[in-house]
Structures are given as structure tokens and as C-alpha cells.
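Make the full structure from the sequences, and use the hints.
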Amino acid sequence: MTNQINFTIDGQEIVAQEGQNILDAALANDIYIPHLCHHPDLKPVGACRLCGVEIDGGHMTMSCLEPVREGIDVRTDSPVIYQARKIAIELLIADHHMDCLACAAAHDCDLLTVSAYMGVQPERLERLRKTERDLPIDTSNPFFQFDPNKCVICGICVRTCDEIVGLGALGFIDRGVSTVVGTFGNKPFVESVCESCGECVVRCPVGALAPKKPEFAAREVQTTCVYCGVGCGIYLGISGDEVVSVRADRERPTNEGSLCVKGRYGFNFINHPDRLTKPLIKKNGEFEEAEWDEALELIASKFAESKGEKFAALASAKCTLEENYLIQKFTRAVMGTNSVDHCARL
Amino acid sequence: MEANDKTVLICRGTGCESAKSPAIQTELMSGLQGSDVEVKFTGCHGMCQQGPIVIVEPQGTFYANVKLKDVEPIVGSLKNGGGPVEKLFYKDPATKEGLSTYHDIPFYSRQKRLVLQNCGRIDPEDIDDYLAEGGYEGLKKAIFDMTPDAVVQAVLDSGLRGRGGGGFPTGRKWKFTQDAPSDTKYVLCNADEGDPGAFMDRSVLEGDPHAVLEGMAIAGFAIGAQKGYIYCRAEYPLAIKRLQIAIEQARERGYLGKGIMDGDFDFDIDIFHGAGAFVCGEETALITSIEGNRGMPRSRPPYPAVKGLYDKPTLLNNVKTYANVRLIINNGADWFASIGTEKSKGTAVFALTGKIANSGLVEVPMGITLREIIFDIGGGMLDPNKNFKAVQTGGPSGGCLPESFLDTPVDYDSLIEAGSMMGSGGMVVMDEDTCMVDVARYFLDFTEKESCGKCVPCRLGTKQMLDILEDIVEGRGKPGDIELLEDLAVGIKAGSLCGLGQTAPNPVLTTLRYFRDEYEAHINHHACPAKQCKELITYHILDTCVGCGLCRRNCSTNAIIGEQKELHYIDQSLCHKCGVCFEVCPPKVFSVEIRTGEVKLVES
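So the sequence lines, in the order shown, correspond to chains X and Z.
When we follow my numbering, the leftmost residue of the first sequence carries the number 1, and every step to the right adds one.
When we follow my numbering, the leftmost residue of the second sequence carries the number 347, and every step to the right adds one.
Worth flagging that the hints you see were computed from the coordinates, not collected in a lab.
In this text, a Cβ means the ideal position worked out from N, Cα and C, and glycines have one as well.
Careful, some of the hints might be misleading.
Now the stretches of chain Z that chain X is said to cover, found in silico as 3 or more residues with beta-carbon under 8 Å [stated by the list, open to error]: (1) 422-433; (2) 637-647; (3) 799-806; (4) 810-821; (5) 836-846.
27 Å max Cα-Cα, derived DSSO-like pairs, lysine-lysine [what the hints assert, rightly or not]: (6) Lys653/Z / Lys43/X; (7) Lys795/Z / Lys187/X; (8) Lys658/Z / Lys43/X.
Encoded structure:
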């Protein structure tokens, strides 16, 4: 159990955990401090320079990098903080492709959130020179695309691939205003070591990394991924009677918000016309649709004829642990053989 | 060396080497073979503009601009015992009089060479030369006669401040690192000198590498480190080569490695080649780079003294800072503290460059005025007919100071107060022909390209400032741009993650502070007062033209029209403003005029 730390943000009493940073503590208490490069899953870097605060009247410091300390008085705004933030957000907007209505991140864009918080004055923006940048969009990955023109170089994707996925497929290329995020040698995503898990895509605060087919779910259903026995928690996004998206469950201890490429993007089979929705029984050399009762009865009768060493069971990794247990129990106790195996036993 | 023996010293710093000094050395050696004159090569003398330089000791006879064909008369004078070769003497720019020894040359006689004391005097590739000048005595004294605490206290008492430019008290840095608990600590030397036109650190490394090694070893003893790295940019191949030779020789003689001088102290040094990023001169970026990652700074705290290289307590100092250490240990903190001003002790090394008569490397006591450096040591303006306009110190992080600051003492605090900074030692002198807006644009162009791209204010802010400055010098400046530059500068200084961004607006802020009228002239009147910005000037031929045709024949775009012996004129639509007509027009005629401020810009 970590120690509790008491301090104040803008005069409001806050209770935080020792080791927590001020930004996380503020957000946990519904106090918004503008930020772009911070993600609670990742180590803070202080790159966007938006989350500045003043502690006990001192110099501006980044709240994402500053651990909470007992009794401190944190101020989230001051003329110095306002000026620095204002310039930073205006510079970001002048550098950004502002096709918000067509952007996949429109409903969930941190740049828009910060802009809304700071208040954008068109006459101030007009003073700035707009960046002319028209870099090619990388559409090589089947599931998501990368538009470097919308990238704010927060580094969340780079850190996600390093710290969470452990792959290091992404890094920074070039420097200064030419800095871009890219794969080794700046090759297309599909030619890199990227495993398409999409962990970076879900953490991108803007629309730079976005699913190719972003669909807005009308409602969500909490369930478990069917692909393997890990049992990752997911929310299926549903629109009409179709599954249109998958979102990882951050509360499920098995995956804590992470998913693999199959779990996150491999849901097209659900509504696929080739999907089997009824059992098939081979009659006269041809598969014919049958009802479940007929199919189960056929299986039971065949099993009854096959007890002993002529029987073997091969279980699927898609089954849960409990289901796999039942298969081996059934094979040993009912079918009378120890010939049990599993497709994941490589 | 006995007093009567003559020694010929030939400079083989990077500048003189590129002017064939190695071949001159070979010729001198073969010419003097069999005589009792010793021929040695040395590191940089500082007066690179006059190189290759040959000095004959003990008299100190100074030969400038020595060519291969000059070797014969030099050898002749040495062998035959005749007088020195007068035609090779350095000529005083004011009196045109030849000065026979370096003791007579104001460039040298007004300096106080401590850090550079061995540069140009000893063979940097021979440890015996260094030992003959008292080398490694400081390390010996520290290890065997002092405690680590006493060494740190001596550095504290000396008042030495970081020579990389920031001016943080060196002793305090040593104390922090000494106090940080860890079995493993590191000593790093920042030799990633990157300011445009600055070559102080390179010259020290090329001319006196052991002084840096000795300083680092003393630091290692003081803070409890066993390992040191010199982060030297790969663009300094000669410095790296001489450092490598020096490290190997020091290891052979027991000044580096296990059990230094047969004592208990182990310390070794390796060289790390930097890949040329300016930002790697920033301490956290430098450390990140050594760790094998992209050289990007990280936020402090934790400071390297607590958590540095491989998360261990790390001491990081500049080349010149380490070169000062042995002097403090040898001569005592009081001696060092007696040089300089109350808060800035010791000497400062500057790379003097720009529109100045004597450009080169100079070392002066802290507190000397800018006027003394520029006019006494530097010999004043390169073109004596031009007026001094400004001096830029501190490189891309510094600022430009006008004539009214010439009597400002050169020390950390006075320069900061004036809006500039000491920096690592670049000093660029500008005359009336320099456009201050263009100077600001030049430095922003540098910082914008060298920004690592990590933080928003520096990555996008320097680009924004550069775009605005480019617009101004190209005649597209708008009312409100000056205020916008100031607005951006405040945001970038306050918001940037590391020193590069925090100081990047300084060249703009100081030029705005002291030369605001030039910005206003560019924006409001489309005029460049220094007549340098091409988009804002036009060339005209006056009616005093005698029709010699020189300008017409030299014009690359055939923009000059006129019959021989008749008045010429310039077709402005063809003129590319290269300025060749202005340069070739005979001084007696002087009929080409540059005009600014009356140009109606064509709307694009």
C-alpha cells in the first residue's frame, strides 16, 4: 500500500498516491490540465510543454514530470503559463492539417480539447506562417494508416511500441521541424517489424494514426475475445446489428487494455457471408445444412462407436481453460483414452 | 632544452595543416638535418589567419604565412647564424611594420594564456613534452597529497565556472556528484563544440590533449569515478587522433588505467565520437547519445550529478573547464581566484572572427572589456574605413551587442545583463555593412535546423521565427511581425525543454533591443539600412560613369547596357543583384551606387 499524499491544486484539496505525478493526480480528480504527449500507461517525457504548472510560486514546471509532494500548492494557470501554452497550441495549430470534419479522430482529438480549453483567437492565428507540408500518407498497413501531416510528434506511439509492445518498430526520423515518426529506414509500416497490434493507433491523441475504417459504434457490448485462450476483455462496438469496432477493456486483468492484431482488427468474420451459421453433415458426398439436434445426435452416436484407443481429442486454443479441462476429462473418463492434445502445444 | 639550443616550432593545428604545414615540417627537418636545431610541431597558436606559422625559440621569432618556398631562407638563416628572414615577419596592420617576435605582436602580448599555455609550444603527440612543462604534476599532487574533499574544495574556492557557456560553478557540480551515493560514477568531457565559427575546444584538444586528460583524472579522483568519456564530434578528426595518442601514451606511462602512478586510484578514459548534432552539446542529450539512443535532451531534474550516464551519478564539464583544473591544483585556488573579476574567475578563451583585422583564438583574463579584445588584440576592423557595428557572443544562444557596450567587461554576469552571454567562446565582430535582421535570420536558421524536434516550442517556434525573419529580409514583412517575434520569443524561452530552445530567441531579442530601427526599416520602408538584403536593394550607375565597360563585361546576366566611353545603365529587370558591378567599378570612378528603401516591390 503506497502512502497517501495531500496537497492542493488551485486551492482544491487533493489526495494522491505517492509516486503519482501531478498531472495524473489532477486528472484523477477531474481537474483538467492541457496535455498532448502524456499517457497514463507510459513514462512521461514533457515534450508538448502544455501541462506547465507552478509549484509554491516557483518557475513553471511540467506537471507530467513532477511527482506529488506533501503540502505543495500547485497552480495550473498564471500569466507565464498562459503565454507559454498559448504560443505552443497556436504553433501546433499553424502546423496542423485542419481537416477536422474528415478526420477519424474528430470525436476524440486531444488537440481540439486543448484548443477548446485555451480558446483560439483567429486574429492571433492569422499572424502565424502556416506550415506547408504535404507528406504522403502511409496506407500500407491493412488495418490502419499513418498521416504524418497530422502528427504532433508527441512520441506516444514510439513509447507505446517500446514500453508496452516491446517491439520498438517506431522511432523519430530527421530533426527540427522535419522530424517525423517512422519505421526503421522510414519504410512503409507493412515492410517493418510492426505487428499491426494497433496499440499505437488507440493511443494517438490526434488523427495521425487512425483505423482505415473508423466506424462510430452506437452501443457497446462487453465480452471476451474469441481468438485464443488468454481471454482478453473487449467491448464490441455495434451499429445496427453489425459489429463495427473492438475496444480493449482496460479493467480486465488479463490484458489491461492491450490487444493483438487479431483481437483488435480481426472481427470481419462475424458478418462475413462465408461464415458457417449452421452445422453441415456430409450426405452422399455433399455437405448439407442440418439442425443442431441432428448434428449432436450424429456426433454422439459416432463417439459411442469409437471408445478406446481409436479415439483422440485435439482441443482448440480458442476454448477457455475450463472448456479445455472438460475436453480432457471427457476424453479420459467417457472415451477411455489418454490421447488428448491441443493445437497450441507447439 | 638548453637555453642556447634553437628549436623550430611549426604549427600543425587544423588550419595550418590545411595550408600544408606537414610538408613544410618535412622540408624543415630535411633542411636542418645534422644541425643542432630541433624541429618540432605544435598545436594551434591561435592566429590561424596568418598560418602556417613557424616560430624559432628561444628568441620567439615569428614567421607568418610560411610557404614551402620560404623553408630555404629559414633554414639558411638558422644554419648560417644569419639574421631572421624579415620578409616573413608579421606586419602590424596599422603601421605596416614587420614585427620580429610574437612578444612584440599585440595579438599575443595582450593575452593571458593559461588554458592555451602549451598550445603552440609543445608537441601534442609527445607526452614527454607535456611532462617537461609540469604535466601530470597536478594529478600526482591530488592523488598523493590531497583528499577528494580537498580537491573539490580547491575547485570550489577557485571560483571556476563552467566554460561551456552556462557558467555554473564547477566546484558545486563536483560537490553534487561527489555527494551522490554510488559505486559507479562517470566523468564526461563535452567536446561537442558546435557554435558556428568557434574552435576553442578543438584547439585545446589538438594542442594540449593531456591537459584535458589530467583534468578529467583529477575530477575522477575527486568524485569517486573510475571511468571517463570524451564526447568529441567526429568532424574533429585531428583532435580525436591526438586524444587517442595521448590516452595511449598516458596509459603506457601509468597516468591512466589501473593503479595510477602506482597508487590505488583507477581511472581510464575513452573517446566517444559524436555524429554532428548540435543539440548533443546539451548535457542530457549528450548522455542519451552515449547510451546509444537518438541524441535528444530530457527534462531535468534529475540532474546528471544524481542520475546521468546509465542512470549513474555523472560529472559533465567542458574541455576548457577540465584544462583549467590542473592549474588550480598546481598553483592553488587563491592564485586562480586572483585572476578575473569578483564573480568570474580565471580567463576566457574566444574564437575571434568576422570583420576583424586579426581573427583567431585568444585567451584573456575575465573582466577585460570587449573594446580591448576587439581593438587592441583583434586590431580593429578588417577594413579600417568601416565602422564597428556589433559584436556577437555566445553563438546561437547569445546576442549582438552594439558599440555602446564596447566597454562592458567580459564576464558571465555582465554579458547576460546586456542580453547576450559568454557562451563557449565564439565572438563574431560585425561592421556597418552587416544587416542585423539578416544576422538574426542566420542564427535562427542554425537553431531551427539543429532543433532535435522533441518539444513543441523549439521545434515549431524556431521555424515560425525563421519564416518571419525570412519574410522580413525578403521584403514580405508585415506590420505586427516585430510584436509577433517578441510574443513567440517569450513563449519559446519559457516553454522549451532544453537550453537550445530556451536561448534560441536570444539573437532576435538582442537585435530587436538594440537595432529595432533596422527591423522597422525593413518592414515599413522596404529598406535595408546596411544595404545587404538583396530583395530590398537596387544597383544604379551614376552619371559620373566614364564608360570603361568593366561592369558591363563582368555582369553575368547582361543587365548593364552602354557604349564604350559613354554612360552605362542597369536594366533592373535583368539585374540579379550579385554586386559584381559595385566591386569592379574602379575606386577612382566609384559610380555604382546601392539604393534601398525606394524600391516598389512587384506584387507576386
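Given coverage of the region 637-647 of chain Z by chain X, tested with a Cβ cutoff of 8 Å and a minimum of 3 residues
holds (count 4)
Between Lys653/Z and Lys43/X, does the CA-CA distance stay at or below 27 Å?
Satisfied, since the Cα-Cα distance of roughly 16 Å is no more than 27 Å.
Proximity test - 8 Å, beta-carbon atoms, the region 836-846 of chain Z to chain X, at least three hits:
holds (count 7)
Are there three or more residues in the region 799-806 of chain Z whose C-beta lies closer than 8 Å to some C-beta of chain X?
The restraint on the region 799-806 of chain Z holds, since 7 of its residues have a Cβ under 8 Å from chain X and three suffice.
Is the Cα-Cα distance between Lys658/Z and Lys43/X 27 Å or less?
holds (19 Å)
What's the verdict on Lys795/Z and Lys187/X, does the C-alpha distance respect the 27 Å limit or exceed it?
holds (23 Å)
Test coverage of the region 810-821 of chain Z by chain X using CB-CB distances below 8 Å; three residues minimum.
Since 4 is at least three, the answer is holds.
Residues of the region 422-433 of chain Z with Cβ under 8 Å from chain X, three needed, outcome:
Violated, because only 0 residues of the region 422-433 of chain Z bring their Cβ atoms closer than 8 Å to Cβ atoms of chain X.
Checked against the numbered hints above, the structure violates only hint 1.
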